[in-house]
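S.K.: So the sequence lines, in the order shown, correspond to chains S and G. Add 3 to a position in the first sequence, counting from 1, and you land on the number used in my numbering. Add 92 to a position in the second sequence, counting from 1, and you land on the number used in my numbering.
Simulated from the structure, these hints should not be mistaken for lab results. Just to be clear, a hint being listed does not mean it is correct.
Footprint (simulated), chain S over chain G, 3 or more residues, beta carbon under 8 Å [unchecked claim]:
#: 1; segment: 263-269
#: 2; segment: 307-320
#: 3; segment: 351-360
#: 4; segment: 373-384
Rough simulated footprint, nothing fancy, chain G against chain S, three-plus residues with beta-carbon under 8 Å [what the hints assert, rightly or not]:
#: 5; segment: 51-62
#: 6; segment: 109-116
#: 7; segment: 246-256
Computed from a predicted structure; not experimentally measured. For glycine and all other residues, C-beta sits at the position ideal for the given N, C-alpha and C.
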Amino acid sequence: MNTPASLRAVIVDDEELARQLLREYLWEVGGVEVVAECGDGFDAVKSIGELKPDLVLLDVQMPKLDGFEVLELIQPSIPSGSPPAVIFVTAYDQYAMRAFEANAVDYLLKPFRLDRFKQALERARVRIGAPKPASAGLTPADLAAAARPPGQAIERIVVRDGAKVHIIPIAKLDYVEAQDDYAALHSEQKSYLKQQTITSLETQLDPQRFVRIHRSYIVNLERIARIEPYAKDSRVAVLRDGTQLPVSRSGYARLKTLLGENV
Amino acid sequence: MHPLFRSRQWFAVYLVAWLAVLDVALAALLHLPGALDWRESFALAVPLCLFFAFVCLTPWYMCRQLPLWSAGIAEMLSYHLGASVLATALWVALARLVGSALALGSRLDPEVPYLVTVGLLVYLLSVALHYMALAAGESRQAALDAREAELRALKAQINPHFLFNCLNSITALTTSDPGKAREMCIRLADFLRSTLGLGERASVAWHEELDLAQAYLDVEQVRYGSRLQVEMSVDEACADCLVPPLVLQPLIENAVKHGIATLVDGGIIQVHSRVLDGLLEVSVENGFDPESPSSRRNGLGLRNVRTRLERRFGGSARLKAGARENRFRAEFTVPCRRTE
Chain S
4 MNTPASLRAV IVDDEELARQ LLREYLWEVG GVEVVAECGD GFDAVKSIGE
54 LKPDLVLLDV QMPKLDGFEV LELIQPSIPS GSPPAVIFVT AYDQYAMRAF
104 EANAVDYLLK PFRLDRFKQA LERARVRIGA PKPASAGLTP ADLAAAARPP
154 GQAIERIVVR DGAKVHIIPI AKLDYVEAQD DYAALHSEQK SYLKQQTITS
204 LETQLDPQRF VRIHRSYIVN LERIARIEPY AKDSRVAVLR DGTQLPVSRS
254 GYARLKTLLG ENV
Chain G
93 MHPLFRSRQW FAVYLVAWLA VLDVALAALL HLPGALDWRE SFALAVPLCL
143 FFAFVCLTPW YMCRQLPLWS AGIAEMLSYH LGASVLATAL WVALARLVGS
193 ALALGSRLDP EVPYLVTVGL LVYLLSVALH YMALAAGESR QAALDAREAE
243 LRALKAQINP HFLFNCLNSI TALTTSDPGK AREMCIRLAD FLRSTLGLGE
293 RASVAWHEEL DLAQAYLDVE QVRYGSRLQV EMSVDEACAD CLVPPLVLQP
343 LIENAVKHGI ATLVDGGIIQ VHSRVLDGLL EVSVENGFDP ESPSSRRNGL
393 GLRNVRTRLE RRFGGSARLK AGARENRFRA EFTVPCRRTE
């Protein structure tokens, strides 16, 4: 079965029977080698990072991380590496739009026929043959942010650090600092680097709780102890832990509208 | 029995109204022709009012027998007019009796036309009031029935994703283990049948609720395999307590969906129920991953159960749910009633 055209695939689903069905369908179709099977989100991120498969069959609702968070975290850290083609496999139809916007190859609704599965695999082969999708240039996290329905703020941020995955609940996020195409997330005296632009992250956060105070900074409103003048026309925000962040003029205007005039 | 007899408070209010308001009015009326002085008017009015206070409750029975729109007009009129004539005749006879006791003699005669008129009118007025009360009660009952039907529709709702995932499991089993696929179909059918069946009823015995929960867990067991473990400890004494249908299953469903499903290695769902001091106590406890993306969506099912328990048992129903570290516990206490 291991012809040169053979695809290497990872199956991600927390139900053994669902994985078994995918295995069986893949065997029927042929030309695909299953290199790993994962039952939760962490395991999936780890296996995909290590094995670099061509194809990932991904469930949405799983322990640890959901399918979209996995999709966000499995992208190669080097820009030249090509991400795996992802086919979502789920019983929920409401995520289809989000899946395609996050650049998924296909979206299979459980239960599905072998024919439909073959069709999805064909699309995956085409995608793998043409490595750079139309959305080249955007990071996967940017895509995931764009795919999120507007007005629905995220509750947590996931960050990959090698094989490790960190989950930062929004309430524990102190501030975000832009570092080129990355965002440094500061939480509980630690810093996590995420491959996502600060502008894209800003759209995901609750605007009532987080403010872009500067081109390079987003701050959690609850962490601000006071605002102090710094030089002519500029100010600094002093956080409860003593950290000082620059506040731009437009950032100060935004703070004023949220906190009132007395800042 | 007349609804006024069921509440001591309202019955007292009713009697006071008769004695304080109508009694004075009647005494004033009797005083009007001038033959009786005030003392005699009141001495006559008090027993007459007490008697009519009870007589005016009797139309309730007849009004229920002769509903407003379904009974014929002639039939209704003849019954109610007949009854009013009878009631008035008794009233006048009582007046005569009291009159002779008070030695009023012929001084009572000018009062009789007044008594006849008032007796007929008050009796017929009470007939009208009873019809109004019955109509108001019916419309309130209709609103209650509509709400009940709505709740019933709500509680019989089966989570479609649960069904799709089951069908997917069956799809997987058809080639690998046809026997198990068949078993799963039967378990699913059992669960669906009992959900639909119980949902139609107003009350079910607690053991039926437990059976339904078990049928649900049997299906989920196939999907989750060894990840799903169940520990049931049920006191025999609660088997026949009556509860609204489908109050346990949503709690179990939450425990699976927001608990077991979030754990890589699964966990145990513990179901306890017992009767203590006439109260049925139920608890469902399970482990969950507080960091899981889907662990915080318990709202709807719980709210639904809470509403239905409160509707049935009023303030004596208690439902409490909450997480402590990585355990989630839902518990409720309701009076254990064994008859409707």
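S.K.: Each hint needs a verdict: does it hold in this structure or not?
M.R.: Hints, one by one, checked against the model:
| no. | hint | result |
| --- | --- | --- |
| 1 | 263-269 | holds (count 5) |
| 2 | 307-320 | holds (count 4) |
| 3 | 351-360 | holds (count 4) |
| 4 | 373-384 | holds (count 3) |
| 5 | 51-62 | violated (count 0) |
| 6 | 109-116 | holds (count 3) |
| 7 | 246-256 | violated (count 0) |
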